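Q: Protein chains in written order, with my numbering: chain Y, 5 to 358; chain F, -4 to 292; chain P, 286 to 695.
If you are wondering where the hints come from, they were derived from the structure by calculation, not from laboratory data.
Do not take every clue at face value.
[Unchecked claim] Some chain Y residues flagged as far from chain F (calculated, every beta-carbon gap over 12 Å):
hint, residue
1, Leu170
2, Leu199
3, Ile294
4, Phe351
[Said to hold, decoys possible] Here chain F is said to cover these stretches of chain Y; the calculated rule only asks that three of the stretch's residues, wherever they fall, bring their Cβ under 8 Å from a Cβ of chain F:
hint, region
5, 133 to 141
6, 147 to 155
7, 326 to 336
Being a predicted model, the structure only gives us computed values, none of them experimental.
We put the beta carbon where it would ideally sit given N, CA and C, even for glycine.
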Amino acid sequence: MFHRESGYYKTSYAADMALYPLPIARWTVAAVALATCIAPFVLHEYYVSILNLIMVATVGALGLNILVGYTGQISIGHAAFMSVGAYTAANLAVRLDLPFWVTLPAGGLMAAAIGAIVGIPSLRIKGLYLAIATLAGQLIIEWTINHVPWISGGAQASIEVPRPTLFGTQLKTQFQLYWFLLFFAVLAIVGTLNLVRSRIGRAFIAIRDQDIAAEIIGINIFRYKLLAFAISSFYAGVTGVLYTYYLGIANYEQFQIVTSIDYLAMIIIGGLGSILGSIFGAIFVTLLPIVIRLGMENWGSFLFGDADIRNLIPNLRLILFGGLIILFLVLEPEGLNRLWRNIRSYFRVWPFSY
Amino acid sequence: MFDWGFTLALVTNGVLIGLMYSLIALGFVLVYKATDAINFAQGEFVMLAGFIITGMLLLAGAPFWLSVPVAVLGMVAFGFGLERVVLRPLIGRPIIAVIMATIGLATVLRGAAPLFFGAETQALPLPIPDEPIVLGPFSLPPGQVVGALLSLGFLAAFSWFFLKSRMGVAMRAVADNQQVAMAMGINVERYFAIAWGMAGIVAALGGLAWGALLGVDVHLALVGLKVFPVVILGGLDSVLGAIVGGLIVGIVENLAAGYLDPLVGGGTKDFAPYVLMILMLMIRPYGIFGKRRIERV
Amino acid sequence: MRSFKSLGAVVGAAALALSASAFAQKDIVIGLQCDRTGPTQTVGVFLCPGYHDYIALVNSKGGVGGAKIRALEIDHEYKVPSAVESYERHKKEGAVLISLYGTPQTQALTQRLTEDKIAGTSPGFGSAAAANGDKFPYIFPIAASYWSQAAGAVQFVKDKLGGSLRGKKIAYLYFDNPAGREPLPVLEALVKEEGFEMRTFAVPSPGVEMGAQVIDIAQRFKPDFVIAHLFGRSPSVSIKELKRVGYPLSKVVSFVWGSAEADIIAAGGWATAEGYYGLQFAGVGSNYPVLKEITEMYKKQGKAAPKEMASTVFYNRGVLIAAIHVEAISNAVKAKGGTNITPHDVKLGFEKIKGFTLGGLVPPLEINNVDHEGGGWVQIFQAKGGKWVKSTEWFKAYPTLLKKMLATGG
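Just chain Y, same shape as in the assembly (with noise of 0.2 Å):
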């Protein structure tokens, strides 16, 4: 990841589609991994909380970006998923009383089936029509939750959910919580990684390309359609799930379309049909709000009295994420992922160049 190779030497098919192409690439990863554990021990509670948002996040991330990334579909009600996956696992959870290793997969499947159903119309639809036909979906999911009590656990449509529990700890603070969220953060990260290098995903890769091709050369696209809508909605009940435990509530109220629309800026920032961009988006989304307050905090005095800066946070955020998602369509529509390619492959035959 972090290492530059000095030219081209792959003679293989094998060697390009390697996980890991050279001996160091193994090494980065180890690298990260460890930077990833020691971080919890040496940061402050504060900064690991902020790492638990960018792991859920990473996890919805990833999840939209198999679907529109890879598969070139278009969903703008995924948050409505989240919430169905967040409420099936909270009345698992709170009904029935079981642990989160029933209710996460539970509330996954559940996701998985609505989002299902809302992608049928991509079987006759596509594009514009698909995106309306999506948002529609959201404010059907959101309705009926709202108004369904026996779904939202009664007029206040929030269910409050204990915290899971591992071998007997309830896990409470950040930093239990760090390890819990890690695991499916890279469970997620591993198994997109895989998805997308298997038949399944070069199916996908195939529909989004070209899908007149696809269907051709052997690719049932109704069946890959409805799949990735059903992976993709999986990824977004899983992360509703985690969201549901690390909040400690399900509520309808945090899963509307600004929420989508949230998750869509990290893939287009990140860059579309790409694993390392999720992860760029789910950072750089995350982290933007609490930079622009850190920043505003620390020098804004220097140009505004108190009363305007205030004023000013909230808002330029807004601008800035705004103008970021259209800045990176107009001038880099690959995203963070392809800045970070760019800077890798110009140091790959550097310094000579020519």
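Add chains F and P to chain Y, keeping to what the hints say.
A: This is chains F and P only, laid out in the frame that chain Y set:
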């Protein structure tokens, strides 16, 4: 017992509010018709126009007859600029790019407008009496009547424009097939800009009508959510469809609130049009008046 | 790499400077959550400045026990994950209490606040059940919860309709979200107790149009009174539409988030809204000594009073929240005999608040270890002649019923 008076009142209300939805949907349809781009920031356009009008009225102290033309010009300029800076580079890119770009734009506008125009709610009084117009059994609020008339006025104007004017015919050619239009010597990019400019005009008057109804602050942008059922029902590329779709949505909403709500025990008003829209997408995705050129998958 | 190093140096230096200044002053830190950009931003942009102005006023008088108070504002955009992030930040900065914002955010943080033993306040929102200090030891819904507001509204209607509600009809026009439905148990209990007929009219989000509901109210149900519980843009729409269908606004009373100056302006001005009643948990108008002091403070600095002050409903609420927080802190400082107070001290400080009215801006709250709401006081104001005019004194309604419901958790 079926209450005819009540139903009549609901339908009247639905017609008026539906035409006001059409007013927002028109801008969306114009852009889609001519450029194949979709504008998820339509609500924010309306909000911006509202802010310009109240900004002129309150901050600059300008009279009403000056504020509205300024808003129209401002929105046309905004539409031109937007097309040039943001949307032109995105031509030929996947649809998600345009969707996200307009969503990004919406976010920027929601962040920037309160900084420039102030975050507090501002009133936008129309220079007409506030008393309802009573016509037999109907009691019509003047603000909504203005909005509905604007809608119908635009319908007439755009119908004429697309059928009779040289520019309109050229724009239809561009919408039909960009490459052929280009080959026939039509400056396609110029017509893209014109379409966005026209959407700006519609948004400016939409901002006037809706701003008068709701007051002007960032919440004004919420009306944008009403666009999607309207345009899908009526057909994405049909001006007449925007009007008819608006009427359907308005009437369905009101009947749902009047007759469905007591049964369900919750608000079905904003939910019913979306269900209708999903059905339409499954049965006839191009809408009632839309051109049947949707890509089959 | 060099640029990264220098960046690191700058960040390090800044952090050092920051921590150094923190040591020098020994501020008492309050964690303040705000929403200046999310769905309730029209509240936040007035409420939060009110909060800061009161804190500035306290600091200009020397702070509490010699220590300055620092309110660290974080805008969480009404997002729950951001609220948790902001909570952790506040905790890191050593906040002695958290001013929560938003119902889902309050619910999500309740567990953490209890574990960390930090008091959080949720004035006018959050779960009504949290007023029970036995069950929720660290949540303070100071001022009126939705249950108390519902009871207050019904009491007010009863008084207006001649002291009895038997056989009367009340319409409940509410925003179709959890907060909108929260008062329903209380209203239903009161239907049984008082023998009136109630019908509910839901306004789904975003609530920019409610012609059908008001036509239903005015032409079919024809209630004796309307109790409205709306948010965002919908209160002004309700005023406008009720006026249009000819329903008298002097028979409408709104809950606390539907009765601000902005709602009146957006509805078409004071002339349109004449007669409309609004429930409040903080005094409204600028005729309170503390507001004059704030104006004076600005004048001394050579500045004009901030324009947010004109929106007295939300601005005063910000002042009220800040004042109660400062009162709790000063109770804690007094009890401890020094300014090195812990969050738990502040919690105990809240439970000693009594007879603190700030010249009538704050209701006569009596917070103790069981009642974290302080009684559930409300006051009703009426839109009259271009401003909000006091219509009742502070009152609390149906305390026995609410107490019973709180004990059983609703």
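Q: Work down the list of hints and note, for each, if the structure agrees.
A: Hints versus structure:
no. : hint       : in the structure
1   : Leu170     : holds (39 Å)
2   : Leu199     : holds (21 Å)
3   : Ile294     : holds (17 Å)
4   : Phe351     : holds (28 Å)
5   : 133 to 141 : holds (count 7)
6   : 147 to 155 : holds (count 3)
7   : 326 to 336 : holds (count 7)
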